[in-house]
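S.K.: Take these sequences, add in the hints, and give me the full structure.
Number of protein chains: 2
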Amino acid sequence: MINFNWKIYKFTSSSRARTGFLTTPHGKVNTPAFIFCATKGALKTLPTNDKVNTYTQIILSNTYHLMLQPGGEIISKHKGLHNFMNWQGPILTDSGGFQIFSLGHGSVADEIKGRHFNNNKNKSLLEVSEKGALFKSYIDGSKQLLTPEKSISIQRQVGADIILVFDECTPYHVDKDYTFSSMERSHRWSIRSLNAFNDDKEFPSQTGSAGKQALYGIIQGGAYKDLRKISIDFNMNNNFFGLAIGGSLGSSKEQMNDIVQYTASKLGTHHPIHLLGIGEPVDIWNFVRWGVDTFDCVNPTRIARHGTALVRNKLDKINIKNSKYRDDFNKLDKLCNCNTCINYSRSYLHHLFKIDEILGLQLLTSHNVHYMNSMMEFIRDAINNDSLDQAQNSWFLN
Amino acid sequence: MINFNWKIYKFTSSSRARTGFLTTPHGKVNTPAFIFCATKGALKTLPTNDKVNTYTQIILSNTYHLMLQPGGEIISKHKGLHNFMNWQGPILTDSGGFQIFSLGHGSVADEIKGRHFNNNKNKSLLEVSEKGALFKSYIDGSKQLLTPEKSISIQRQVGADIILVFDECTPYHVDKDYTFSSMERSHRWSIRSLNAFNDDKEFPSQTGSAGKQALYGIIQGGAYKDLRKISIDFNMNNNFFGLAIGGSLGSSKEQMNDIVQYTASKLGTHHPIHLLGIGEPVDIWNFVRWGVDTFDCVNPTRIARHGTALVRNKLDKINIKNSKYRDDFNKLDKLCNCNTCINYSRSYLHHLFKIDEILGLQLLTSHNVHYMNSMMEFIRDAINNDSLDQAQNSWFLN
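From first to last, the protein sequence lines stand for chains A and B. Position in the first sequence (from 1) plus 330 gives the number in my numbering. Position in the second sequence (from 1) plus 330 gives the number in my numbering.
Just so you know, these hints were derived from the structure itself, not from any lab. Please note that a few of the clues may not be correct.
Given that identical chains are not distinguished, each listed pair holds provided it fits within a single copy or across any two copies.
In silico DSBU-like links for lysine-lysine, alpha-carbon gap of 35 Å or less [stated by the list, open to error]:
no.: 1; residue 1: K358; residue 2: K664
no.: 2; residue 1: K684; residue 2: K651
no.: 3; residue 1: K358; residue 2: K559
no.: 4; residue 1: K654; residue 2: K409
no.: 5; residue 1: K684; residue 2: K647
no.: 6; residue 1: K559; residue 2: K461
no.: 7; residue 1: K358; residue 2: K661
no.: 8; residue 1: K409; residue 2: K647
M.R.: What follows is the structure in structure tokens.
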């Protein structure tokens, strides 16, 4: 595991919160960190060289989407995703498992958080078998088989720094038996992913110039602690560089908090810990306390495109489309010094959404990315100063 | 006319082409220059502080659109459009006349260039009378009367540096009698605009903090030289800071060239000359030779949003959506050093359009703006070096 390193810098006295450094071939990530979604190889609305404005450390792309468009071959010809999208910082790719789940069962975010089950979704997932998952491509309708070996192979072509084992992201609405057998299969897929990852000879064309990767295992078990325990033991006993907490986290904030606490607090300090699909500011403040090091979620950028700006107050957001902002000459967030807040008023941003101007989506996205990065820096400072509780009150202006 | 100045720097030996400096309270414009459209108070997809990337000197907004949304009052409360949209360079506003035309007769660009007449357009223009033009608002259906006095009043509220008299932009498909009577009415409206402009007492709340303006007259007469002559005389005999060439320019490139040549060559050197609605690169090279100093058109930014990039070759554009760019690893334009060309391949830009990613629109818009500004600089250098013909061949790689 040349070029990779995980080092914890400081712990807090009253929680498992810690700061650390996650070193990759494309740079060091100060943790806790938020990972922004560039699902299809683009940070939606943000040119990658806007990094300086927003202090983004690391981004995430989706294997399944990239495999369908532009395809691994095009990315490989660019010598990897970093060059293709001109992002020279660290990248994480998911394994495609998240998409199996999404396409098979409905909204990913809703399922992780147990919000509802929508039966009417178009199901592009044709079959999940021991071999892998058979999809219908949403691009051209062609049948696509994604296996652990194929997922690792594509992730090597894409060349992300951190890659994930191929798993089924078990939804909330299934029963314990299904969750158990899905977990067991994901464990077998994990071993196949690990073998594929370690066996360079099988992927001669995908290694080398696209750079080296580190592999994360994924902890399954849904909202069942006894299953989580089995998955924790499985993952701790295999040679993964990092560990991700995947699958359903239950149907309520309390249950989610309980499951994350239970799982994360058993994972020790030898691995960087990633929590998949969680991005609400208040959740992040809570979950760093259980030792989560990195988070990802489409939320901060997606809500921006619907007019919602993250701001430092008790509710932590405002919707700029609300008519009360028509003649509000203040900046979006009075404590923010991002490009958007320095240069534009709420009234102007309201106007941009009123006229359906793309620039509005860009300016709010840029602000939300800046907000998340500032918050993570605030959290890191608070951990280093052992003042997390006071810092949280101060962040939300309580 | 404090803060404003127009000075010609150099002429060429074999044409009327000239370079000059158009000084405004928000800075100096090196001419010939291209004016980019920020129709509704936004350079579509471009944050205004991207100026450094694209060398944009001056932008244009539309009185009619701004009057309906957000309304002059909101802009006035921001102390003018410069602050509202955070653009501290020079701004020109049209008078609303362009929109009367557009809403009454169909596509503006098609009409100026005589391409066709579309009878099926939704007509929001209710009535044109001596008093002004009665519209139905496309925002809320309310009836709106735009008069010369109201147009000037709103343009003062908006606070652009260069403002235009209120005119009817006469279309191509109407007959000579209509063109003549429309021109005569536009002349009467011009006098009313000039009076309103000079009579600060009538607009006490709109002057002052929003800054000083300079007024341009508009030369009408459609594709009829005898009418153009009348309008030239009218405009030259009134106290306008600058002159714009408006109305229809005929139904063919030859006729357009003929009318622009006839009109521009009679306008002397005392005024900066603006040509309304023309933005094809090759047309600009031709029309600077007749003494046109500034141009505006939505074209460079609009075509970008449809995947068309301006490039330096004989055809002067490519459509990045064409499948041949899927695995084209070159930059968009091999001679360009804009942010897009430095950082992204044609293959990546093709991918962005393939996945309908907003970032694609941004990157192509930014490139096209850079292209136009680079071309105008190339033209200015060529005029100063008296080598316009060679420069044109060199620009299009002939």
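S.K.: Hint by hint, note whether the structure agrees.
M.R.: Evaluation of the provided hints:
1. In this assembly of identical chains, K358 and K664 lie within 35 Å of each other by CA distance both inside one copy and across copies; the values are 31 Å within and 34 Å between.
2. In this homomeric assembly, K684 and K651 come within 35 Å of each other (Cα to Cα) both inside a single copy, at 7 Å, and across copies, at 29 Å.
3. Taking the shortest Cα distances, K358 and K559 sit within 35 Å of each other inside one copy (31 Å), while across copies they are farther apart (70 Å).
4. In this assembly of identical chains, K654 and K409 lie within 35 Å of each other by CA distance solely across copies; the values are 20 Å between and 49 Å within a copy.
5. In this homomeric assembly, K684 and K647 come within 35 Å of each other (Cα to Cα) both inside a single copy, at 19 Å, and across copies, at 32 Å.
6. Proximity of K559 and K461 under a CA criterion of 35 Å is satisfied intra-copy only: 25 Å inside one chain copy versus 81 Å between copies.
7. In this assembly of identical chains, K358 and K661 lie within 35 Å of each other by CA distance both inside one copy and across copies; the values are 32 Å within and 30 Å between.
8. For the identical chains of this complex, K409 and K647 are inter-copy neighbours only, at 28 Å across copies versus 40 Å inside a copy, given an alpha-carbon limit of 35 Å.
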